[in-house]
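Enquirer: When we follow my numbering, the leftmost residue of the sequence shown carries the number 2, and every step to the right adds one.
Bear in mind the hints are in silico, worked out from the structure with no lab data behind them. It is possible that part of the hints are untrue.
Stated by the list, open to error - Listed next, the in silico DSS-like pairs over lysine-lysine satisfying Cα-Cα at most 27 Å (straight line):
id, residue 1, residue 2
1, 19, 39
2, 43, 72
3, 30, 19
4, 43, 74
5, 45, 63
6, 22, 74
7, 72, 19
8, 46, 30
9, 72, 22
10, 45, 9
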Amino acid sequence: MENRNLRKERIGVVTSNKMQKSIVVSEVKKVKHPMYGKFVLKTKKYVAHDEANDCNIGDTVKIMETRPLSKSKCWRLVEIIERAK
2 MENRNLRKER IGVVTSNKMQ KSIVVSEVKK VKHPMYGKFV LKTKKYVAHD
52 EANDCNIGDT VKIMETRPLS KSKCWRLVEI IERAK
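Start from the sequences, fold in the hints, and give me the full structure.
Expert: Shown next, in the form of structure tokens:
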């Protein structure tokens, strides 16, 4: 049996679901400023593949790295952790 490489996983919030079978997920990190020591929010956006089109804006989701599916899409939806209220 062949071993698969470890794939990166991210947890974030869905910010857009206007595309067909695609969502935009924002991951927010708190990073300490190197000189001043203040914590700064850094946001990274990922375009992920959502095969069933069942994510809505505000959902907390887990995404996983995959092969390139389009020019900007190389992540796929693993699970919906929490639905938006």
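Enquirer: Measure nothing beyond the straight line between the CA atoms of residue 72 and residue 19; if it is 27 Å or shorter, mark the hint as holding.
Expert: holds (17 Å)
Enquirer: Below or equal to 27 Å on CA atoms is what counts here, so check residue 45 against residue 63.
Expert: holds (14 Å)
Enquirer: Given the hinted pair residue 46 and residue 30, is their Cα-Cα distance within 27 Å?
Expert: holds (11 Å)
Enquirer: For the pair supplied as a hint, residue 22 and residue 74, confirm whether the alpha-carbon distance does not exceed 27 Å.
Expert: With a Cα-Cα distance of about 11 Å, the restraint between residue 22 and residue 74 holds, given a limit of 27 Å.
Enquirer: Holds or violated: residue 19 with residue 39, Cα cutoff 27 Å?
Expert: Cα-Cα ~35 Å, so violated.
Enquirer: Taken at face value, is the distance from the CA of residue 22 to the CA of residue 72 at most 27 Å?
Expert: Holds. Residue 72 to residue 22 sits at ~15 Å (cutoff 27 Å).
Enquirer: Would the hint linking residue 30 and residue 19 be met if the CA-CA limit is 27 Å?
Expert: holds (25 Å)
Enquirer: Given the proposed pairing of residue 45 with residue 9, does the C-alpha separation stay at or below 27 Å?
Expert: holds (14 Å)
Enquirer: Compare the distance between the alpha carbons of residue 43 and residue 74 with 27 Å, and conclude whether the hinted pair is satisfied.
Expert: holds (21 Å)
Enquirer: Under the criterion that the straight-line Cα-Cα distance not exceed 27 Å, is the pair residue 43, residue 72 satisfied?
Expert: Holds, at about 24 Å.
Against the hints set out earlier in the document, a violation occurs for number 1 only.
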